[in-house]
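Input sequences plus hints: build the corresponding full structure.
Below, each chain spelled out in residue letters.
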Amino acid sequence: MRKYLAIVRGTYMIGMIYRLGFLFTIAGNVIYLGVAYYLWKSIFKNSETLRGLTFDQTFLYVGLGSAIFILLKTYTDWFMNSEIRDGSIAMYLVKPVDIGTYFLATSFGSLLMNITIVSIPTILLLLFVFKVKFIIGIGLLLFPISLLIAFFISFFLDYFVGLVCFYSESVWGLSTTKDIIVTLLSGGLIPLQFFPTALQNILHWLPFQAIYHTPLTMITQPDQSVDVFLQMIFIQLVWAVLLFMATRLFYIQAIKTVRVAGG
Amino acid sequence: MDLDDIEHSFYNRQSLLFLFYFLGKIMSLIHIENLSKHFSILNRREGLGGAFRDLFSGDYRTVKAVDGISFDIDAGEIVGYIGPNGAGKSTTIKMMTGILKPSGGTIEVNGITPYANRIRQAQIMGVVFGQRTQLWWDLPVIESFKILKEIYKVDQKTFDEHMGLFNDLVDLKKLYTQQVRTLSLGQRMLCDITASFLHNPQVVFLDEPTIGLDISVKAKMRSVIKELNQVRNTTIILTTHDLGDVEALCQRIIIIDKGSVLYDGDIKKVNSLFGAYRTLKLQIDGYNDSTLQTLQDAFTQKFGPEHGIAIAATEEFWTDVTIDQARTPLADVLNFIMTTFTVSDVRIVEISMENVVRKVYDGALK
Chain A
67 MRKYLAIVRG
77 TYMIGMIYRL
87 GFLFTIAGNV
97 IYLGVAYYLW
107 KSIFKNSETL
117 RGLTFDQTFL
127 YVGLGSAIFI
137 LLKTYTDWFM
147 NSEIRDGSIA
157 MYLVKPVDIG
167 TYFLATSFGS
177 LLMNITIVSI
187 PTILLLLFVF
197 KVKFIIGIGL
207 LLFPISLLIA
217 FFISFFLDYF
227 VGLVCFYSES
237 VWGLSTTKDI
247 IVTLLSGGLI
257 PLQFFPTALQ
267 NILHWLPFQA
277 IYHTPLTMIT
287 QPDQSVDVFL
297 QMIFIQLVWA
307 VLLFMATRLF
317 YIQAIKTVRV
327 AGG
Chain B
-4 MDLDDIEHSF
6 YNRQSLLFLF
16 YFLGKIMSLI
26 HIENLSKHFS
36 ILNRREGLGG
46 AFRDLFSGDY
56 RTVKAVDGIS
66 FDIDAGEIVG
76 YIGPNGAGKS
86 TTIKMMTGIL
96 KPSGGTIEVN
106 GITPYANRIR
116 QAQIMGVVFG
126 QRTQLWWDLP
136 VIESFKILKE
146 IYKVDQKTFD
156 EHMGLFNDLV
166 DLKKLYTQQV
176 RTLSLGQRML
186 CDITASFLHN
196 PQVVFLDEPT
206 IGLDISVKAK
216 MRSVIKELNQ
226 VRNTTIILTT
236 HDLGDVEALC
246 QRIIIIDKGS
256 VLYDGDIKKV
266 NSLFGAYRTL
276 KLQIDGYNDS
286 TLQTLQDAFT
296 QKFGPEHGIA
306 IAATEEFWTD
316 VTIDQARTPL
326 ADVLNFIMTT
336 FTVSDVRIVE
346 ISMENVVRKV
356 YDGALK
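First to last, the sequence lines map onto chains A and B.
This note's numbering applies: residue 67 is where the first sequence begins, and numbers increase by one.
This note's numbering applies: residue -4 is where the second sequence begins, and numbers increase by one.
To be clear, the hints were calculated from the coordinates, so they are not data collected in a lab.
The reader is advised that the hints may include incorrect statements.
As the list claims (entries may be wrong) - Covered stretches of chain B, as calculated for chain A (at least 3 residues, CB under 8 Å):
hint, stretch
1, 83 to 93
2, 110 to 118
3, 122 to 131
4, 143 to 149
What the hints assert, rightly or not - Far from chain B, some chain A residues (derived; all Cβ distances over 10 Å):
hint, residue
5, ASN95
6, SER154
7, THR182
8, PHE200
9, LEU207
10, THR243
11, THR263
12, VAL292
13, GLN319
The beta carbon of each residue, even a glycine, is placed where N, CA and C say it ideally should be.
Structure below.
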């Protein structure tokens, strides 16, 4: 465990060293929030609520969605792609570390980094510049837990794509497609309530909504009963476990191929 | 405890010691027997159309990267594992480090099979691949050492001791706060080598540790490796293209080519191959087709038929004269050439790895 904590710490420090880059991320986020604000303002021009959401709820959903997007963007798949392509992955294979846990640790380090440098400013912006009002409810308490599970789900998806690199030398296209699918179908861009009902029903059975929609619902509609939230967290957990097992199996198969076919 | 017990435990210890001694004799640290690694490689066709057809191609050929090698390496040895490019060196190293699974044969390092126990194996070995780094590129040097300390579960006291030793050897302290990516190649390699010894491994694999380094850094590197081997009794497997490394460090060398062991034994015997041989590169004025023959005749006339000088034209206008110094001293040959021919340029080079391998093929060690 301690060895992985050391890796988390190392990754966090790398983020600190390249802090300048985060200034641009924050600036970009401010612009995005501004655009989203006026876009949704005009959509809500003639009505108090749409699809059961008020403007405040929707903007909070979208604004926090962008914060979570930056938060969960830990580039595991890109990172693995370059490591596998230039063969540096061998340097991890000769260390007494589990490869999956190693990448989880680096991803978690980046997550902590993102929380410090990007997410906190975004929340402050939402509160004091855009004057978003939070609704108090039980959901707020469960939000951190839900977000943590969302991180795991997002990581496993990234890691899965990363493992594909063992077979295909470049996953640039796959990575980009995954990013778009995840952001769109998870509610990262548009609240899922605004999707057609038929599509919503399908999305309900996919893991993507567990990344953005679930934690965001806890923030934007926190005044529901505990049972509803617990059920949502349970579904998240199921996805996390399923994806964990899938990546494990895939890893065992991928590493076998590498060892037989050569790196 | 009565006398009987004491006597009893004494005998026990004696027999245990004997057992260990005996096991040490028969069990070497690294045991490789009939090891092979075959890759199937897709036969790729030319051009864009070929690339398309390759997508559905099942046309594989087998490449025998390592083909039935066997050797044993004892604890504390420094073994030079050499051979020309593509001989199978790296593939063997990758099997010894547990990255690759052999296609056949057995391999054991300290009694464990590397590929089946990758993590356990990793704990007892250190690896340096000259072309890569195990340090964290973006972080200051000391942070990489701290991370490795945790990864290998090295306790603080041992860690401080080791860092002290490294500091004495390579003056590491002044690099501590520097980012790894800003280090020079030589500094980075020194850090990489010291890092690979951090957890006091039983065996360290050094794959081309001196590649791209200048003479003075090479010398430093060699003395560090030698020192660490002596202080810690660490077994070292060194692959290199630089015969100087082998000469300076190894008592034993294993030469492989095309996946098979060509020579395994004392370096002294091989030393005569590259130690005694020197190649003179000459640029002779008025070079023409008959120059080689003229030289050959002149040497025979001057030094007798057993002169041990081989002549070959390698590049345009350059003539290689390889001299076996055991038979004819280099100085004599050089003198003779300078007085007999008009030479516009001379270079003296040590014999190359490819030439050593060629000589072994030609039966020089038989």
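Problem set entry | In rising order, the numbers of the hints this structure does not comply with | Number 6 only.
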